[in-house]
Structures are given as C-alpha cells and as structure tokens.
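Number of protein chains: 2
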Amino acid sequence: MRLPDSFYSTVRARLGDALDVRGLDGFLATTSADVAFLSGFFYIATERPVYLWMPREGDPLLVIPRLDEEYAAQQGVTIETVSYFEFPGVVTAEQTLGAALASRRPKQIGVSAGLSIGAYRALSRALGGSTLVTTDAVARLRLRKFPEEIPFHEAAARICDEMLGAGRELIADALRRGTALPREDEIARHVIGYGTDRMYADYDLVVYTTKLAGGLVYAGPNSALPHGLPTRRRIRPGDTLILSLGAAVASRFVESERTFVVGEPTAEQQRYYEADREAQEVGTQAMRAGRTCAEVNKTCLDVLRGHGLGDFIRHRQGHGIGLQNHEAPWVEDGDDTVLEPGMLLSSEPGVYVPGHAGYRISDTVLVEENGPRRLTGYPRDLASNIIEEVR
Amino acid sequence: MRLPDSFYSTVRARLGDALDVRGLDGFLATTSADVAFLSGFFYIATERPVYLWMPREGDPLLVIPRLDEEYAAQQGVTIETVSYFEFPGVVTAEQTLGAALASRRPKQIGVSAGLSIGAYRALSRALGGSTLVTTDAVARLRLRKFPEEIPFHEAAARICDEMLGAGRELIADALRRGTALPREDEIARHVIGYGTDRMYADYDLVVYTTKLAGGLVYAGPNSALPHGLPTRRRIRPGDTLILSLGAAVASRFVESERTFVVGEPTAEQQRYYEADREAQEVGTQAMRAGRTCAEVNKTCLDVLRGHGLGDFIRHRQGHGIGLQNHEAPWVEDGDDTVLEPGMLLSSEPGVYVPGHAGYRISDTVLVEENGPRRLTGYPRDLASNIIEEVR
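Going down the list, the protein sequences come from chains L and W. Quick note on the numbering used here: the first sequence kicks off at 346 and runs consecutively. Quick note on the numbering used here: the second sequence kicks off at 346 and runs consecutively.
For the record, the hints were derived by calculation from the structure and aren't laboratory data. Take these hints with a grain of salt, some might be off.
No copy is singled out in the list; a pair is fine if it fits within one copy or between any two copies.
As the list claims (entries may be wrong) - Lysine to aspartate or glutamate pairs mimicking DMTMM-like chemistry, simulated, CA-CA at most 25 Å apart: (1) Lys452 to Asp350; (2) Lys643 to Glu619; (3) Lys452 to Asp647; (4) Lys452 to Asp365.
In this text, all values refer to a predicted model and were calculated from it rather than measured experimentally.
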C-alpha cells in the first residue's frame with residue numbers, strides 16, 4: 346500500500362508552486378489526511394499531534410510522538426523525523442517543532458483552516474517570529490486526484506463492489522437454505538469483515554488513516570433514516586434494503602451503495618427504485634468538466650422532483666472523495682466549484698419515504714477529459730438487485 | 346442506551362454555574378462528544394456541522410442537518426431543533442444558527458478551543474454582535490464523571506473483558522483442535538465482532554459517536570510497535586501477544602488490554618511481563634484523589650526504570666477516558682491536574698523491546714473517595730494469561 350516516489354516528488358513540486366504564488370515560506374500539515382498525502386506517513390489521529398513541515402525550499406521535516414518512530418520507519422518514511430516523548434509533554438510537540446525550525450526562521454507559514462484554535466495558539470507561541478496564515482494550498486492540490494492515486498481508488502472500488510456481493514449472498518444463501526434471514530447488524534459485520542479480509546489478503550503492509558472498510562446496513566422502515574445505525578432487525582421478505590459501503594486502499598476511499606429488494610418488488614418499490622436509479626444515472630452523466638457542482642446537483646435532484654418525490658429528498662447528490670471519505674468539492678447547491686478532470690465524486694441521490702423505506706444508489710465517479718467514469722461497477726438495474734425468495 | 350433525564354438536568358445546572366462564573370451568556374457545543382454529553386443526541390461527526398446552544402438562562406437549541414431530523418427524534422431528543430438542508434448549503438449551518446439566535450442576542454458565547462479556525466470565522470460572521478470566547482467550562486465538567494454515567498462505563502467494561510476472553514479462546518480452541526493458529530487480523534475481527542454483537546444483544550437502540558468496539562492485536566515482534574496495525578501474521582507457539590481492546594456503551598468508553606504468552610513463557614518473557622504487571626499495579630494504586638497526574642505517572646514508570654527497562658518505555662502511564670476513548674486529564678509528566686473522585690483513567694504502562702515483543706496491561710480505573718477502583722477485571726497475573734499448547 347505505498348504510492349510511488351514519483352507521486353510524492355510531483356506533489357512537492359506542485360506545492361512549491363502554490364506556496365510561491367501565495368508568498369508562503371512553507372506549509373505546516375496538521376491533519377492525518379494532509380500528512381499522508383504529502384509524506385506517505387499514515388497514522389490514526391489521536392490527541393498526540395503530528396506536524397509535517399513542507400518548506401518552499403529545502404527539506405521537509407516530520408514531528409511525531411516517540412511512540413510512532415518505529416511505525417514510521419516500518420512504512421518506509423524517509424523524511425527527516427524528530428520526535429517528542431508524549432502528549433501533553435514537558436516539552437510539547439509544538440516546542441519540538443519550534444526548536445527544529447529555529448535555524449530556518451520561516452516568516453510566513455501556511456496552515457489549513459481546519460486547525461483548531463488551541464493548536465493555532467500553541468504553534469504561534471512556539472514558533473515566535475513566524476506568522477501562521479490559513480491557506481487552501483493543499484486543499485486545492487487534493488481536489489484533482491493525481492494519476493498515481495487512481496489505481497488505489499480502483500483497487501478499493503473492486504473490493505467495495507465485492508463487499509456488496511458478499512452482503513447480497515449472505516441473504517440469498519439464507520433464502521436458499523430456508524434458514525432465518527440475517528439481521529442488519531449481522532450483515533454489517535459480515536461485509537465489513539469481508540472487505541477487511543480482502544485488504545489483508547491483497548497487501549503486505551496495510552495502512553490507513555481512519556478505516557479500511559466500513560458500512561451501514563438498513564432495511565424496511567429503518568432505511569428511511571439515512572444516518573441511522575444498523576439495528577438488530579432481521580431482514581424480512583418484501584424488505585427494501587440499503588447496503589451503504591466504503592473501502593480505502595492506502596487511505597484512498599471509494600463508496601459503493603446499492604438498494605436491494607427481497608422478493609418480488611411491489612409497484613411502490615419499483616416506482617421509488619426506478620426514480621432513484623434514473624436520478625443517479627442522469628446525475629452521474631452530468632458530472633463533466635466545466636459544469637459546477639451546484640448545476641450537477643440540481644440536474645440530478647430535479648429528476649426526483651420531476652417524479653413528485655421532492656418531499657423525500659434528505660441530502661445532496663454527493664461529495665468529493667479521496668484521502669477522506671467525504672471531502673471537497675461538494676455536489677450541492679451551495680458549492681460553485683467548477684468540475685475538472687481528476688476530480689473524484691460520489692453520486693448518490695436518495696429517496697427516503699418515512700415509515701416505508703429508503704432508496705439510494707451510490708457510485709464513485711472520476712471526472713475525465715471525455716466525461717464521467719464510474720470506478721464502482723456493481724449492477725444498478727432493479728432486476729439485478731432483487732434477492733429472490735425460494736418458493 | 347439512554348442516560349436518565351436527571352443526568353441532563355444536573356449537567357445543565359452545573360453548566361449554568363460555570364457560565365455564571367465566567368460571565369458567559371451560553372456555551373455553543375461544536376463536537377459530537379460535547380453535544381452528546383449535554384443533550385443526549387449521538388451522531389457520527391462529518392463535515393455537516395451540528396451546533397448545540399446551551400444558554401445560561403432559557404431553553405437550549407440544537408442545529409442539525411435535515412438528514413438527521415428523524416434520527417434525533419428516534420433517540421428521544423426533546424430539545425428544540427432547527428435544521429439546515431445540507432453542507433455547505435445555500436443557507437449554511439452557521440446562518441441557520443444565527444437566525445435562530447437573532448432574537449436572543451447573546452453577547453459572550455463560550456466555545457471549545459478545539460473549534461477550527463474556519464468554523465470560528467464562519468460562526469463569528471453569522472453571529473454578528475456576539476463574541477466567541479474559548480472556555481474550558483464543558484471540558485472541566487467532563488473531567489469528573491457523574492454518578493449516572495458510571496453504570497454505562499461498567500457495562501462497557503464487562504463487554505470489553507469478555508472480548509479479551511473471546512480472543513484468548515479463539516487461540517486456545519485452535520491449540521486444542523490442532524488447527525492453524527489464527528492471524529492477528531483474524532483475532533482483531535473476531536473480538537471486535539464479538540463486542541459489537543454483545544452491544545446489539547443487550548441494547549434496543551445502539552448509539553455511539555465514534556465506535557462501539559475496537560481493538561488492535563499484535564504478536565511477537567509486531568507487538569513492539571505500540572501503534573502498529575494488526576497484520577496477517579499468524580500467531581506462533583512462544584509468541585507474546587497483546588490484545589488492546591476498547592468498548593463504549595452510550596459512547597461511555599473503557600479500555601481493557603492484556604498481554605498473553607502462547608505456551609510456557611521464557612525467562613525473558615517472564616521478566617518483562619512481571620515488570621509491566623508490577624508497574625501497572627503500583628501505578629493503579631497510586632491513582633488517588635489529591636495526587637497529580639504527573640506524580641502518578643512518575644510513580645508508575647519508575648517501576649519500569651527500577652527494573653532497568655527505561656529504554657523500552659514508549660508512552661505515558663495513561664489518559665482520561667469518558668465520552669472519548671482518550672480525553673483529559675493525561676497521566677503524564679506534563680499534566681499537573683490534581684486527581685479528584687469521579688475521574689476515570691486508563692492505567693496502561695508498556696514495555697516495548699524492539700525485535701522481541703511488547704508488553705502492556707491496561708485497566709480503566711475510577712478514582713473514588715476511598716481510592717482507585719478498576720472497572721475492568723480480566724486477570725492480570727501471568728499464570729492466568731498463558732495460553733497453553735496441547736502436548
């Protein structure tokens with residue numbers, strides 16, 4: 346799970362240009378996603394700060410807790426590294442960084458607007474003489490995926506599609522055997538375990554910043570709550586069922602979500618399913634370079650409104666996806682970002698009918714020069730997603 | 346998984362007092378832990394902001410995305426709630442909050458120092474006329490657990506101890522059957538699945554802010570990296586094995602971590618194990634009201650240093666635990682917090698011998714008037730934690 350060195354050298358060159366334009370002497374990365382993006386060091390965020398100093402000129406520097414030294418070495422991180430012992434520390438992470446940068450005396454240091462007020466104050470004290478300036482330099486670099494990142498998203502997409510298949514098969518198998526249908530929580534555990542196993546089978550050194558594989562599973566009336574957790578409810582014949590799954594290889598995320606019907610769909614189920622499928626198809630085809638996120642979102646959700654389902658919309662069409670499972674840009678009315686080749690987006694309109702069920706189909710879509718390309722490919726037509734009862 | 350109403354009314358009364366002292370008109374909670382603590386609304390943090398306004402006088406107000414309205418109702422949240430449609434939104438979360446508070450005109454609003462610079466700016470713009478002031482009012486309220494919270498931590502402790510037993514049994518069972526020993530990743534999946542299943546079996550409506558159950562599993566040389574991820578390495582006779590597990594009921598966390606030896610321990614394994622067990626015992630007994638975190642940490646780690654193992658220390662004795670699996674206070678040299686009854690701490694000194702193995706024993710310990718009380722109770726003596734080979 347390691348990106349080629351060429352990726353990191355390209356990213357650093359592009360970051361240098363962005364810092365030049367902004368008149369910054371360097372960027373101080375403070376989040377696990379930014380640090381992994383710029384350095385290839387993957388860690389799970391805790392209260393122990395990790396700081397990556399990326400100067401416009403000269404060598405980068407990584408500040409980590411002592412606890413992580415061997416772990417960084419195991420990952421093949423070659424950036425100069427200094428460690429502080431612990432959090433909060435007699436000598437803090439910020440003071441350790443300040444001492445290491447003392448001879449370099451950067452004047453203007455870019456930081457992300459996601460930095461907390463507390464960390465901003467601690468850094469400002471420890472980096473006396475330097476000014477911390479919020480900048481979108483790295484956020485903008487992450488908007489368009491680099492060619493070296495795409496195979497990792499593609500690998501995650503294959504696994505995520507297989508997770509959908511594993512969930513479907515768990516139910517189909519119970520129907521064939523005539524045994525009790527699984528519960529929502531059992532299906533969730535099964536598919537997440539399946540995805541995790543696949544990662545470990547395929548990669549020697551598994552790394553991530555938040556998770557390898559995750560998922561929500563909800564059926565029947567529960568599926569009408571887009572953010573509910575899986576429950577102990579057992580799947581029933583006639584249920585609408587959403588498998589909302591994600592996976593990440595080297596923390597490059599995808600999501601793949603499908604709606605299934607257990608047994609022959611009713612006219613009501615067909616109507617909602619087909620409307621959502623159509624909105625997802627139209628919305629996905631609209632994901633083209635030159636259009637704004639807001640336009641694409643409207644194009645997509647207008648399909649649902651056109652079917653008289655406006656009252657059942659609970660969320661936007663989608664969001665950017667990359668080193669975080671949700672990141673900019675946002676495929677929503679309030680985001681005027683113009684789509685460009687290399688952007689990776691979820692396309693996931695949903696229909697939520699209180700008391701009945703929810704319907705959502707999500708693919709991870711790469712904006713290419715010639716148009717959108719789905720990285721996830723699980724079948725989307727209703728016929729393919731009926732889990733048949735055995736009669 | 347719901348705390349009694351008496352808990353929330355007590356917390357609000359105590360918060361009111363803290364705001365009075367600080368001259369604040371209210372507190373604006375901006376993190377999932379603070380919101381869950383003050384309101385009983387549990388959600389998983391995403392880019393969609395949730396804001397809970399807790400005025401010194403008058404009624405609280407919850408601002409959530411439209412997506413979560415039914416979910417909040419399902420959880421029985423009775424606080425007045427307004428929703429914004431989506432993130433980033435044509436009307437943002439911050440503007441929605443600003444409109445709702447316009448008639449109340451609070452002057453001084455307390456926020457946590459964990460708030461991001463970006464959110465601080467958006468809130469300041471939307472709440473024109475109000476001043477946002479960082480405060481530790483809620484952080485301090487969370488330092489000492491309330492009596493109503495303890496049963497939830499105790500319930501999590503029982504499950505976490507059982508997870509340890511389930512992991513041990515997976516290996517013991519393979520030894521008995523003479524089948525291949527499980528891999529680290531298989532054990533991790535097994536124990537996390539076990540803990541999750543128990544939660545679902547015991548509670549009607551499962552809620553959390555980050556996770557229900559989690560764990561790291563590492564054996565042999567891998568266990569010398571305290572932050573490594575489980576690998577595909579298969580357990581071997583002779584291995585030292587760390588099961589580092591956590592669980593949360595209503596997001597009230599505990600951790601329970603044990604070191605096992607597969608087969609008869611060598612003299613080297615006995616030495617490291619016994620030193621760590623002794624440090625954990627001495628350090629746990631030191632967790633008494635009136636002592637500082639720094640003193641307790643030193644007392645604990647001095648045991649390891651006394652055994653000549655100072656070079657193998659990689660982290661502090663422990664940390665606070667509550668609605669987050671790591672939270673203040675920090676049982677570390679840099680934290681002079683004086684322990685008080687009601688504080689809940691991990692006690693988890695570790696010994697990490699590069700190339701050989703790691704040893705860590707962790708309990709979740711409640712500071713009571715009479716002294717420390719372990720909520721987790723899995724056996725700690727070496728004899729109990731030998732997983733025997735069948736001969």
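Hint by hint, here is what the structure shows:
Taking the closest pair of Cα atoms, Lys452 and Asp350 never come within 25 Å of each other, the shortest separation being 29 Å inside a single copy and 53 Å across copies. In this homomeric assembly, Lys643 and Glu619 come within 25 Å of each other (Cα to Cα) only inside a single copy, at 18 Å, whereas the closest approach across copies is 65 Å. Taking the shortest alpha-carbon separations for Lys452 and Asp647, neither the intra-copy value of 50 Å nor the inter-copy value of 42 Å comes in at or below 25 Å. In this homomeric assembly, Lys452 and Asp365 come within 25 Å of each other (Cα to Cα) only inside a single copy, at 13 Å, whereas the closest approach across copies is 41 Å.
In summary, the structure is inconsistent with hints 1 and 3 from the numbered list given earlier, while agreeing with the others.
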